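Trainee: Spelled out, the chains give:
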Amino acid sequence: MTKEISLEHVWVEFGEFTAVHKANLNIAGGEFFSFLGPSGCGKTTLLRCISGFQEPTRGKVKIGGEDMRGVGPNKRPTALIFQNLALFPLRSIADNIAFPLEVRGVDKKTRRKRADELLELIALSGQGDKKVSELSGGQKQRVAIARALAVEPDILLLDEPLSALDLKLRQHMRTELRAIQKQVGLTFIYITHDQGEALTMSDRIAVMNKGKIEQIGDGKAIYDHPTTSFVASFVGENNVLEGTVLSNDGQKMQIDAGLGTPFTVESHPAGGPALAPGDDCHLFVRPEALRISKDESSINQFESNFVTEEFEGNMRHIVMNANGKDLKLSLINDGTNAIDANAPVKLDFAPEMGIALKPGELASA
Amino acid sequence: MKMKSPTAMIPGLYLTLFFAYLFGPLIIMVITAFNSSSFPRVSPWECFTTDWFGKLAADDKLLAGLGNSLLIGVGVVCVAIPIGLAAAITLSQVGPKLRAALYTIFIAPILVPGVVIGLSTLIFWDRIGTLFNAPYESFFYDGTFLTIFGQVTFIAAYSMLVFLSRIQRFDTTLTEAALDMGATPTQAFIKVLLPFMAPAIGSATVLAFLASLENYNTTVFTIVSSSTFTTVLSSKVRYGLDPSISAVAVIIIAITLIGAIIYECRNRYNTKGWAHVVADRPVLKVATHPGTVAVILGLLALAAVVFIQNHDSSACTAQILEDKRALQQKLMEEQSLNTPQQTVPAPTMPNLGPLGGDEGGASAPSPFGNSIFSPENLGTSAPDGQ
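Residue numbers (my numbering), protein chains in the order written: chain U, 1 to 365; chain G, 1001 to 1386.
Think of the hints as simulated: they come from the structure by calculation, not from any bench. Any given hint might turn out to be false.
What the hints assert, rightly or not - Per the computed footprint, the stretches of chain U lying under chain G, defined by three or more beta-carbons under 8 Å from a beta-carbon of chain G, are:
1) 169-176
2) 249-263
Claimed, not checked - DSS-like mimics (lysine-lysine), calculated; alpha carbons at most 30 Å apart, straight line:
3) G/Lys1191 - U/Lys109
4) U/Lys131 - G/Lys1272
5) U/Lys212 - U/Lys75
6) U/Lys130 - G/Lys1272
As the list claims (entries may be wrong) - A short, non-exhaustive set of chain U residues, derived as facing chain G with CB atoms under 7 Å:
7) Phe17
8) Leu80
9) Ala86
10) Asn321
Every value quoted in this text rests on a predicted model; they were computed, and no experiment measured them. The beta-carbon is built from N, C-alpha and C at its ideal position, and this holds for glycine as well.
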C-alpha cells in the first residue's frame, strides 16, 4: 500500500531564517524521489515536515490526501531512516527490528516471527540475537531499513543514510536500496547531497538550494537540461562562461562569450526562462562535451592552451586555458586525444551540448 | 639486586605515603575497636575484646538514629533521583541561554552552606505550618520529613550532575526514532531513555543515599527533636567517646568491602578474557562466580558475628584492671613518700583519665604547679568516663 504525498506552498521559518521557501510538489505512490542539495539547503527540514518532527510555518503537507497538520510523528504512516541510523544500542538486532511492534502492544511471539521474516529480507537470518555493535556498517544500514519496514509504513523517508559508509559499500547499498524499494513497492523519499546517489537511484529528483526547490525532474533532465545556473553547476562538473546573447530565434541562440567567434547553442528545450538578445547569460559546457577539434571548420571552435592534466586511468582530466579562463576537459583515454602542451589547441563543442541560462547563483565547488 | 637511584624511589615513596595517609586512620580505627581500653586507642594494648560490638548492639539511641538515617536515606533517594533526572532532561532540551540560567539555579543548593539550608528549611516549614495552624505533631514539625526535604534540595543537584554527564552522551535521534516508529512519548522515555540512563540512576542512587547518610550540617537543624546516626555520633564525641564508635566503623568498612569485592568480582567475571579462561574449567567457573564469592563473604561475615558474640575477654580485662589498681596503689604510696608536706589530699580515686593514665603524671613535676588549673585537679573533679 502506498500513498502519494503533496506539499502545498510549504514554508518553514526559524525566526528570521527561512529554511524552506514555498515548496510545492507532488510525489506519486511507489516513487523513488530524491531531494538533492548542499548541506543547509533545507532538504532535511522538508523531510522533518513530512515525518512530523517539524510543523510547516505555512502551507500544507498532505499524505494520501489528508492534511497532516497536528498529527504527530508517531501517528503518521511514515518511517524515517536517520542519518546516523539511530539503532538502539542496548537492544539486540531482533529487538530493534521489533521495536515498532513492541510499542503497538504486539505479543512477543508474533514480534519475533516478524523480526525473523525481516531479517531474512535483509539477508541477516539467524543474527537477531547479536548486539548492534557487532554488526558492520552495511549490516546496520540494512537493520535500520528492516526496522522501518516492520510495521509496513506507506512511505519510507531516508536522511542521507549512506553518508557514513565507505565508497565501495555505498555503491553496493545504492543497488540494494533500489532493489528493496522495487521489492516492497513503497514510496521512498531520499535525502542526499551526493548527486551520484540521487542520479543512480531516483525516479525523480528535486534539486534544492537555500530553501528553494530549483528544479524537479528525472536524473537525465536534471543533468542534461538544467533550468537554473545553480542546478547546472551543482549537478555534475560544468564549465561556466559568462556571455551575452546576440540573437535568439527560439531554435538557436548566438552567444558572445569572449572567445573569438560567437557560439551557437540550442534554445532551451525544457522551457527554462527565455533569453532575449542583449541579456547577460551563463553558458555551461560539460567537461565531457568539450572535445579537441578534428577539423578546422567545425562549429563553436576556440583556441586554448594546455595548463595541467590529471590522469585517472580510463579518463584524462585536462585543464585548458582559453583567453584567461580555465576550462575542464574530460577525455576518454583511448589514445586518440593527444594534446600538444606547447602549442595552442583548438577545442569545440556541439550546439546541443551548450546550455545558456540566466545568470544566477553558482554552486561553490 | 641492584640499588635503585633515590629519584627512582620517589614515586614508590610517594605512593606509600599516599596510601598511609588514605588508609592509616581507617586501620587505626579498626584496631581500636578490638582494644579493651575504654578510650579508642591502639597503645597501650590492653586486651583483645569484642565487647564494644556488644555495647554497640545495646546502644538504643545509636540504633534508633541509624534506623532514622536509613529511612531518611531511602526517602531522599525516592525524591531526589526523579527531581535530578527531570532537571537533567530539562537542561538537555532547552536552548543554550536558558540552560545557563537554569543550570545556575539548579546548582545553587550545592553552593549554599548546609547550615543555611538546614536553618532555612526549618524556618520555612515552620512558617507554612503556622499558616495552616498545624499542630506540633503534624509533618511540618516532623524531623524525618524536614530532613528529607532539606537534604533533597542539594542531593537532587548532586544527582542532576551525575545524570547530566550521562545524558550529554545520549543521542536524541534515538528518541525521535522511537517516536517515528509509533511510540508514544511515554514509551520512548521508558523504552529508550531510561535504559540508557540506568547506570547513572544506579550510581546516583548510591551517591544520594550515602550523601544523605553522612550529612550532618543540614540534618542537625532539620532533625529537630529526633536524631540520626550522625547526630548521635556527634553528641557521643561531645559527651565522651568509647570504642563502640570504632565498632560502627568496622561494620561500615566491612559492608563496603564486601560490596566492593562482589562488584569487582562481577566485573571481572563478565570480561571476555575471563570467560575464555573458564570456558573448559567448570570448577573455576563456579568458584569465581560472583554469587559464590558473595556466599563465601556472607559466611565469613556470619562467622565473624558468631565469634564476636561468643568471645569472652572478661578474664583478661579483670587482670588488666587488677594490674592498674596495683600500679595505682604503688604510685600513691610513692607519692605520699615523696611529698609528705603536700597539703592537698591525694586523689582517692584511681587517676586513670582518658589520656595517659598509666604514667599517672605524678612523678613528673607539673608545669602548672598546684594551682587550680593543674591537670591533676581535673582527674578528681571531672566525672570519670569509665
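Trainee: In terms of beta carbon proximity below 8 Å, does the region 249-263 of chain U have 3 or more residues touching chain G?
Mentor: violated (count 0)
Trainee: Can you verify the interface hint for alanine 86 of chain U: is its Cβ closer than 7 Å to any Cβ in chain G?
Mentor: 4 Å, holds
Trainee: Keeping to a limit of 30 Å between CA atoms, is the pair of lysine 130 of chain U and lysine 1272 of chain G held or broken?
Mentor: With Cα atoms ~16 Å apart, lysine 130 of chain U and lysine 1272 of chain G stay inside 30 Å; holds.
Trainee: Given phenylalanine 17 of chain U as an interface hint, is the shortest Cβ-Cβ distance to chain G below 7 Å?
Mentor: Interface hint status for phenylalanine 17 of chain U: violated (15 Å vs cutoff 7 Å).
Trainee: Are the Cα atoms of lysine 212 of chain U and lysine 75 of chain U separated by 30 Å or less?
Mentor: 28 Å, holds
Trainee: Does lysine 1272 of chain G sit within 30 Å of lysine 131 of chain U, going by the straight-line distance between their CA atoms?
Mentor: 15 Å, holds
Trainee: Against chain G, run the beta carbon of leucine 80 of chain U and see if the smallest gap drops under 7 Å.
Mentor: 5 Å, holds
Trainee: Given the hinted pair lysine 1191 of chain G and lysine 109 of chain U, is their alpha-carbon gap at most 30 Å?
Mentor: Holds, because 19 Å separates the two Cα atoms, which is no more than 30 Å.
Trainee: For the region 169-176 of chain U, do three or more residues have a beta carbon lying closer than 8 Å to a beta carbon of chain G?
Mentor: violated (count 0)
Trainee: Holds or violated: is the Cβ of asparagine 321 of chain U closer than 7 Å to a Cβ in chain G?
Mentor: Asparagine 321 of chain U check fails; min Cβ-Cβ to chain G is 48 Å, beyond 7 Å.
Taken one by one, the earlier hints fail for this structure at numbers 1, 2, 7, 10, listed in ascending order.
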